[in-house]
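**Q** What follows is the residue order along each chain.
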Amino acid sequence: MSKLPEGAELEKKTNHLLNAWFQWRYPMIFFTLLVLAIGVTNSIIEGNWQKLFESPGNIRTFFYESLWPPDWSVIEPQAYPVCEEPKHLDFTCSTAWIGVLETLKIAFVATVFGMVISYPIAILAAENLSPGWISYPARTLLAASRSLPSILWAILFVIMVGLGPMAGILAMTLYTVGYLGKLQYEAIEGVAKPQLDASRAMGHGWFERSFGVVLPESANNLISQAIFMFEYNFRHGTVIGIVGAGGIGYYINLYLKFLQYDKVFAYVIIIFIVVILLDQLSKLVRSFFKDDKQPNRPPWWSGLFLPAGWTRNLLKKKD
Amino acid sequence: MDEYDAVVGGYDLSIGYERDNVLLSDINLSLKPGEIVAINGASGIGKTTLLRTFAGLLNPLEGTVNIFGKIKADRGEIGYIPQRLGLIRHASVHHNVMMGAKAGHTSAWFPFSRVCKTHTLEAIESVGLMHKLRTPIRKLSGGQQRRVAVARTLAQKPRLILADEFLAELDEETLNMVMQKVLDYVKESNAIMILVEHDFERAMQMADRLFTAVGDKLVEIIASEE
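Protein chains in written order, with our numbering: chain P, 1 to 319; chain H, 1 to 226.
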């Protein structure tokens with residue numbers, strides 16, 4: 001009998017079923033989840049898929065009759081109070097400018113306060129820095145503060161401190177603490193073991209390890225999360241304004257009530273542009289903490305005006 | 001002073017991560033001040049685990065560890081260079097070395113002292129990285145990162161150095177320079193060093209005694225001349 005080659009002999013020894021499972025487990029899990037999701041959807045909509053296929057027609061009618069073209073009067077100065085700015089700056093008296101600026105301010109303040117409060121709690125919540133009897137209560141605290149969406153916190157704070165941006169700041173700060181805190185303790189738990197081992201062996205105290213080792217080591221993630229949170233707070237700032245917590249949401253709510261959807265659509269486009277700009281800014285800031293991306297770092301001004309990719313291409317062409 | 005206060009040792013030690021999977025057992029070794037011990041052996045046999053046990057990062061499965069008369073070292077007594085160095089990647093060379101200096105020369109309650117700055121700069125100078133003082137670790141080459149890890153330990157001035165293949169990736173010239181610095185420090189300050197080293201010749205060159213892990217036992221293959 002001829003001798004089998006070595007590779008084939010080794011293959012005979014392995015379990016084919018187990019091999020197939022290891023090779024295909026991720027596509028199989030994904031496919032199972034997809035089938036499950038479709039099944040759950042079917043049970044929720046009670047098999048009425050017709051609704052889904054009729055909807056494009058509805059949205060087309062709504063879009064052409066109510067949304068398009070957007071009413072750009074929202075970037076014109078308001079009639080009252082009278083705008084005292086020079087002509088070329090009169091857009092700063094518009095509801096869009098005032099609303100966006102207020103939402104940005106609320107988002108900025110909430111992100112900074114939220115970050116300052118959440119980091120110490122995240123350190124306490126991280127299992128690689130704190131024992132279970134500290135980390136579990138800290139996690140519960142973070143979970144509690146994000147268990148209510150920011151819009152519900154906003155309603156509570158509007159009741160407590162009245163209408164206006166203060167309620168918005170408090171609501172978003174509280175939500176930021178919960179949300180950012182979770183992202184932060186996960187980033188802290190992702191800090192590589194050798195760094196913590198070296199620190200423990202040297203005898204660093206908890207404070208030194210948390211602020212001298214873990215903070216700089218996870219800086220990239222923390223900064224990227226904070227910027228993401230700022231962008232998130234800006235987007236949500238538009239929603240919480242609807243319940244009277246200040247910002248552009250206040251104006252959106254106002255025009256929704258009067259069914260002036262073309263103005264609402266103009267606000268939506270403005271929000272979209274600001275979100276894109278914030279995304280570019282976040283890319284630029286994060287590039288300072290990534291060595292591998294450094295040669296592609298766009299100039300500082302590009303984040304403010306152009307998407308980073310465009311600037312890079314433009315600069316390349318110039319070279 | 002008790003004789004145990006000056007030495008580092010393991011007595012009837014069994015080490016490993018799980019009780020039913022002992023990596024090395026019946027380890028008995030005692031190291032005197034100024035002594036360097038090298039350990040080599042196949043990968044995965046338990047050399048790093050032994051260093052981690054001495055570093056206080058892992059409890060022995062059986063037996064006792066003695067670190068200068070205690071079962072756990074005081075702050076700054078141990079300088080540990082893990083195989084993957086344990087440097088803070090997004091922090092500068094200065095910050096990393098300063099963390100060593102702080103461990104060695106300040107208390108946990110008030111980790112600030114002017115002395116730290118002096119020790120930090122001296123250590124960075126000694127490994128020839130003054131021109132990279134403010135450079136983040138992630139921007140350094142593998143060899144430069146090893147030099148930073150050594151500088152961190154030199155700035156700390158520990159009584160016990162635990163080094164896991166700390167001379168890997170270094171070019172011949174830098175390797176000799178770094179090795180000499182560490183040897184000088186150990187001899188001058190009467191410190192103790194345990195190093196894991198795969199390169200047999202280099203281990204012989206540095207160490208007073210050489211152990212090798214065979215099976216689950218640590219065997220002394222080259223004993224001290226004394």
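What the hints contain is simulated information worked out from the structure, not anything from laboratory work.
Since the structure is predicted, the reported quantities are computational estimates derived from the model, not experimental observations.
Even glycine gets a Cβ: it sits at the ideal position worked out from N, Cα and C.
Heads up, some of the hints might be wrong.
[As the list claims (entries may be wrong)] Straight-line C-alpha distance at most 20 Å; calculated SDA-like pairs for lysine to any residue:
| # | chain 1 | residue 1 | chain 2 | residue 2 |
| --- | --- | --- | --- | --- |
| 1 | H | K157 | P | G205 |
| 2 | H | K157 | H | E188 |
| 3 | P | K193 | H | E188 |
| 4 | P | K193 | H | Q83 |
| 5 | P | K193 | H | L58 |
| 6 | P | K193 | H | G56 |
| 7 | H | K181 | H | E35 |
| 8 | H | K139 | P | N221 |
| 9 | H | K72 | P | A219 |
| 10 | H | K72 | P | R200 |
| 11 | P | K193 | H | L170 |
| 12 | P | K193 | H | E35 |
| 13 | P | K193 | H | T49 |
| 14 | P | K193 | H | H95 |
| 15 | H | K139 | P | A219 |
| 16 | H | K157 | P | A219 |
| 17 | P | K193 | H | N59 |
[What the hints assert, rightly or not] A few chain P residues that don't get close to chain H, going by computed Cβ distances all over 10 Å:
| # | residue |
| --- | --- |
| 18 | Y64 |
| 19 | T92 |
| 20 | P120 |
| 21 | L183 |
| 22 | R200 |
| 23 | H204 |
| 24 | F207 |
| 25 | N220 |
**Q** Confirm or reject each hint.
**A** The hints, checked one at a time:
With a CA separation close to 18 Å, the supplied pair K157(H) and G205(P) stays within the 20 Å bound. Of the supplied pair hints, the one linking K157(H) and E188(H) holds, its CA atoms being roughly 11 Å apart against a limit of 20 Å. For the suggested pair K193(P) and E188(H), the alpha carbons sit about 32 Å apart, so the restraint of at most 20 Å is broken. Between K193(P) and Q83(H), the direct Cα distance comes to roughly 11 Å. Compliance with the 20 Å bound is thereby established for this hinted pair.
Between K193(P) and L58(H) the alpha-carbon distance is near 13 Å, which keeps this suggested pair within the 20 Å criterion. Among the hinted pairs, K193(P) with G56(H) is consistent with the structure: their alpha-carbon atoms are about 14 Å apart, no more than 20 Å. The suggested pairing of K181(H) with E35(H) holds, with an alpha-carbon distance near 15 Å, which does not exceed 20 Å. Of the supplied pair hints, the one linking K139(H) and N221(P) holds, its CA atoms being roughly 18 Å apart against a limit of 20 Å.
Between K72(H) and A219(P) the alpha-carbon distance is near 31 Å, which puts this suggested pair outside the 20 Å criterion. Between K72(H) and R200(P) the alpha-carbon distance is near 11 Å, which keeps this suggested pair within the 20 Å criterion. Taking the CA atoms of K193(P) and L170(H), the gap is near 23 Å; set against the 20 Å cutoff, the hint is violated. Between K193(P) and E35(H) the CA atoms are separated by roughly 29 Å; this puts the pair beyond 20 Å, and the hint is violated.
Proximity of K193(P) to T49(H) is assessed by CA-CA distance (about 14 Å); at most 20 Å being required, the pair is judged to hold. At roughly 19 Å between alpha-carbon atoms, K193(P) and H95(H) fall within 20 Å of each other, so this suggested pair holds. Among the hinted pairs, K139(H) with A219(P) is consistent with the structure: their alpha-carbon atoms are about 15 Å apart, no more than 20 Å. Distance restraint check for K157(H) and A219(P): the Cα-Cα separation of roughly 28 Å exceeds the 20 Å cut-off, and the hinted pair is therefore not satisfied.
About 17 Å separates the Cα atoms of K193(P) and N59(H), which keeps this hinted pair within 20 Å; it holds. Interface exclusion of Y64(P) from chain H stands, the closest Cβ pair being 52 Å apart, more than 10 Å. No beta-carbon of chain H comes within 10 Å of the beta-carbon of T92(P); the shortest separation is about 39 Å. Against the 10 Å criterion, P120(P) stays outside the reach of chain H, whose nearest CB is about 18 Å from its own CB.
The non-interface label for L183(P) is consistent with chain H: the shortest C-beta to C-beta separation is roughly 17 Å, beyond 10 Å. Against the 10 Å criterion, R200(P) falls within the reach of chain H, whose nearest CB is about 6 Å from its own CB. Not every C-beta of chain H lies more than 10 Å from that of H204(P), the closest at about 6 Å, which undercuts listing it as non-interface. A beta-carbon of chain H comes within 10 Å of the beta-carbon of F207(P); the shortest separation is about 8 Å.
Residue placement check: N220(P) does not keep its beta carbon more than 10 Å from all beta carbons of chain H (closest about 6 Å).
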